[in-house]
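Place chain B on chain A using the hints.
Number of protein chains: 2
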Amino acid sequence: MKAEILCVGTELLLGDIVNTNAQVIAQGLASIGVNVFHQSVVGDNDARLKTALRDALEQCDCVITTGGLGPTYDDLTKETAAGLFGRKMVLDEPSLRRIEAFFARIGRPMTDNNRKQAMMPEGAQILPNDNGTAPGLILEQNGKRLVMLPGPPREMRPMFERQVLPVLAALTGKTLVSRTVHIFGVGESAVEDRLRSRMLALQNPTLAPYAKDGEVLLRVTASAESRAAAGRLIDPVVDEICGQFGEAVYGVDAGSLQAAVVRALNEKHLVLASAESCTGGLISKRITEIPGSSAVFHCGICSYANEIKEKLLGVRHETLERYGAVSEQTAAEMAAGVRALSGADLAVSTTGIAGPGGGSAEKPVGLVYVGVSSKNFSTVRRLTLGRGYGEEREYIRTVAASNALFLALQAIRQADPKQP
Amino acid sequence: MKAEILCVGTELLLGDIVNTNAQVIAQGLASIGVNVFHQSVVGDNDARLKTALRDALEQCDCVITTGGLGPTYDDLTKETAAGLFGRKMVLDEPSLRRIEAFFARIGRPMTDNNRKQAMMPEGAQILPNDNGTAPGLILEQNGKRLVMLPGPPREMRPMFERQVLPVLAALTGKTLVSRTVHIFGVGESAVEDRLRSRMLALQNPTLAPYAKDGEVLLRVTASAESRAAAGRLIDPVVDEICGQFGEAVYGVDAGSLQAAVVRALNEKHLVLASAESCTGGLISKRITEIPGSSAVFHCGICSYANEIKEKLLGVRHETLERYGAVSEQTAAEMAAGVRALSGADLAVSTTGIAGPGGGSAEKPVGLVYVGVSSKNFSTVRRLTLGRGYGEEREYIRTVAASNALFLALQAIRQADPKQP
Numbered sequence: 038m039k040a041e042i043l044c045v046g047t048e049l050l051l052g053d054i055v056n057t058n059a060q061v062i063a064q065g066l067a068s069i070g071v072n073v074f075h076q077s078v079v080g081d082n083d084a085r086l087k088t089a090l091r092d093a094l095e096q097c098d099c100v101i102t103t104g105g106l107g108p109t110y111d112d113l114t115k116e117t118a119a120g121l122f123g124r125k126m127v128l129d130e131p132s133l134r135r136i137e138a139f140f141a142r143i144g145r146p147m148t149d150n151n152r153k154q155a156m157m158p159e160g161a162q163i164l165p166n167d168n169g170t171a172p173g174l175i176l177e178q179n180g181k182r183l184v185m186l187p188g189p190p191r192e193m194r195p196m197f198e199r200q201v202l203p204v205l206a207a208l209t210g211k212t213l214v215s216r217t218v219h220i221f222g223v224g225e226s227a228v229e230d231r232l233r234s235r236m237l238a239l240q241n242p243t244l245a246p247y248a249k250d251g252e253v254l255l256r257v258t259a260s261a262e263s264r265a266a267a268g269r270l271i272d273p274v275v276d277e278i279c280g281q282f283g284e285a286v287y288g289v290d291a292g293s294l295q296a297a298v299v300r301a302l303n304e305k306h307l308v309l310a311s312a313e314s315c316t317g318g319l320i321s322k323r324i325t326e327i328p329g330s331s332a333v334f335h336c337g338i339c340s341y342a343n344e345i346k347e348k349l350l351g352v353r354h355e356t357l358e359r360y361g362a363v364s365e366q367t368a369a370e371m372a373a374g375v376r377a378l379s380g381a382d383l384a385v386s387t388t389g390i391a392g393p394g395g396g397s398a399e400k401p402v403g404l405v406y407v408g409v410s411s412k413n414f415s416t417v418r419r420l421t422l423g424r425g426y427g428e429e430r431e432y433i434r435t436v437a438a439s440n441a442l443f444l445a446l447q448a449i450r451q452a453d454p455k456q457p
Numbered sequence: 038m039k040a041e042i043l044c045v046g047t048e049l050l051l052g053d054i055v056n057t058n059a060q061v062i063a064q065g066l067a068s069i070g071v072n073v074f075h076q077s078v079v080g081d082n083d084a085r086l087k088t089a090l091r092d093a094l095e096q097c098d099c100v101i102t103t104g105g106l107g108p109t110y111d112d113l114t115k116e117t118a119a120g121l122f123g124r125k126m127v128l129d130e131p132s133l134r135r136i137e138a139f140f141a142r143i144g145r146p147m148t149d150n151n152r153k154q155a156m157m158p159e160g161a162q163i164l165p166n167d168n169g170t171a172p173g174l175i176l177e178q179n180g181k182r183l184v185m186l187p188g189p190p191r192e193m194r195p196m197f198e199r200q201v202l203p204v205l206a207a208l209t210g211k212t213l214v215s216r217t218v219h220i221f222g223v224g225e226s227a228v229e230d231r232l233r234s235r236m237l238a239l240q241n242p243t244l245a246p247y248a249k250d251g252e253v254l255l256r257v258t259a260s261a262e263s264r265a266a267a268g269r270l271i272d273p274v275v276d277e278i279c280g281q282f283g284e285a286v287y288g289v290d291a292g293s294l295q296a297a298v299v300r301a302l303n304e305k306h307l308v309l310a311s312a313e314s315c316t317g318g319l320i321s322k323r324i325t326e327i328p329g330s331s332a333v334f335h336c337g338i339c340s341y342a343n344e345i346k347e348k349l350l351g352v353r354h355e356t357l358e359r360y361g362a363v364s365e366q367t368a369a370e371m372a373a374g375v376r377a378l379s380g381a382d383l384a385v386s387t388t389g390i391a392g393p394g395g396g397s398a399e400k401p402v403g404l405v406y407v408g409v410s411s412k413n414f415s416t417v418r419r420l421t422l423g424r425g426y427g428e429e430r431e432y433i434r435t436v437a438a439s440n441a442l443f444l445a446l447q448a449i450r451q452a453d454p455k456q457p
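So the protein sequences, as listed, match chains A and B.
The working numbering puts the first residue of the first sequence at 38, with every later residue one more than the last.
The working numbering puts the first residue of the second sequence at 38, with every later residue one more than the last.
Hint data in this document are derived by calculation from the structure and do not stem from the laboratory.
Here the structure is a predicted model, which is why all the values come from computation and not from measurement.
Watch out, some of these pointers could steer you wrong.
Remember, identical chains collapse to one label, so a pair may be satisfied in a single copy or spanning two.
Said to hold, decoys possible - Computed list of lysine-lysine pairs in DSS-like fashion (alpha-carbon distance at most 25 Å, straight line):
1) 455 - 348
2) 211 - 181
3) 125 - 181
4) 181 - 249
5) 87 - 39
6) 305 - 412
7) 348 - 412
8) 87 - 412
9) 455 - 412
10) 211 - 455
The shape of chain A in the complex, shown without the other chains (with noise of 0.2 Å):
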């Protein structure tokens, strides 16, 4: 099945607000083997409209639309598509009673313009909002098949995957699996020349490479009868590319680094602390952004200025006078020292030159030294994450925090496991 997504809205095409609507289509899509050949975005502007949906019909089998459908005299999406299939609009009785609940509920006195909400193309499947007044609907005509979804993404995504999705599944009966390869640490570049001839030999499952801030994810993906099936394709390779990677690979489904050092804690009983000067909490951050965290990590400390590092973490006087803050040894002393201070049985550290200032050609904007400390292993890494160009400060610091994270991901692993 080819589907086209097609969103609605000038609010898009002014930049006012990011098509997330787009993105939680296609994923959606994606997971049951309909592939989007397609996106698009056009204004609230009826021929604009009604030329994109026809070509988007055209085209494809199946048409998703988000937005237009509010009650102001600019939505007419349903109207545009009513015309384009022959329908007339009809008052579709029991969208009518939704609305009328929905605004006794609030208790806001509902006007003429929601009643409009309730006209719905003849012969329409109606899709029931839970969460706002404006209904989705199904029209079919000919083996196309036009989806028409509310714009808000609180409404859109749970009337997709609750009432569309199923729908779709059922018609493409055909599964698609796809398993993520996290690997930290190798380049694209490097990750997709060991890669290549794999990548172009590959069928099903195929193999696709994606980077972001020195991660690289590889999906493997496999169509298939059944889940099982698609898993017996997928397996073999993802083992693959595990050998040929190594150490340098964080998971399997991991979600995110910060997610793969949670479970692992989670899975020893162990628990971790952090102590962050230029990552300035975003290690902390990042973990806690985790739920069920707070079981792993129970301290972390941003000593952003010299005297906190002495006076909370212990990092000695003389080695902030020899070294620097920005050295090894106050990176080692760091991770050691919060681990001492918290009771927590391994700890991360960071310290470095996040820029844009504080550079010099000694320790430049860049050099970052990320610190881990546990019973068995601990150690410092040196980092030169300067690319040279101006607006680098997030791109150091989340590349920064990522290599702690590694890193406590490693100590994780030469850990013993405690008891529960």
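For chain B alone, kept in the frame of chain A given last:
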């Protein structure tokens, strides 16, 4: 001038990433009065890309593409465009030297496929890439302009803003200037209710609201023949809004709450500290993302465990026993504790239930206390941020951190300045 944005990338069609590039470009074009009629996304597929490019060039004066300029075999946007314009691909020596210098700088070997990035359509205007290896380009033919930009947002954005927007702005001959009033703690509907008649009445400047995570931005935009003339149209409206929303305005063109906080601290030569529980380091991460924050932020403690709240921050054991970690009393003691510990002039704190677990009838998910402690102004605010649907951990953490930053700003406003 009519424009279309065409984003190339299978990862967009599969929903692996959200299309922030389209938003950035759309905003930029809107700011210089260029109408975006259409946005679309196609995969890395020669035939479909060709059709999309041809259609776009037929309908618009200017087509801006992103993506497909990378080093890998499936990046072929440039070649497709060259074919469409009847140009040969030729080696651009300056681009090659920049790419070689880049690899020398980061100390990684340059592969043959990186060399491909220096091949450009003959006669193209080259846009050097200050943030990566793939140069962009502008092709002009028969009054149509094709602008090709790299896909990674970090590379695309500065190239677009510095090298493309000025060229297009010169063509439109119109200057569009915007100023943004930042409002915190007033709901979007409430802001709209108060400004509706003004928004409808204003033509030049226009007034448009944009809401996100507890903040409302009001953008005032004027079109004139010069920046100064546009400013004269904008300033009275900005003053009017600032007067109307008073304390809730945290800045004009302030960038972000954290940028406003760092600026205010710098102005009064004050130092802030943070003690975070449910926000887990997000506040210190946000403050330290601002260059130069090290002068005004020395210490942030993420005290995720009660034990750390007691031991490090001096929260009394009885307080935790009697009122619990999520309480007004704990928030107050955390803020006072980290202020004493760090020697800062002011401190903020957060403690709450970010979910999805950990909630109860008495203390539901989304209950958060944010505290501030300073010489003149200490208080705790109780927030109920839960909206009753599942995935709101990130929302709760973000809005809690924003409330703490806003509270810090109020405390800074009331504080006496120090001598530099």
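Point to revise | Hint check, failures only | key: Going through the list in order, the structure violates hints 4, 8 and 10 and respects the others.
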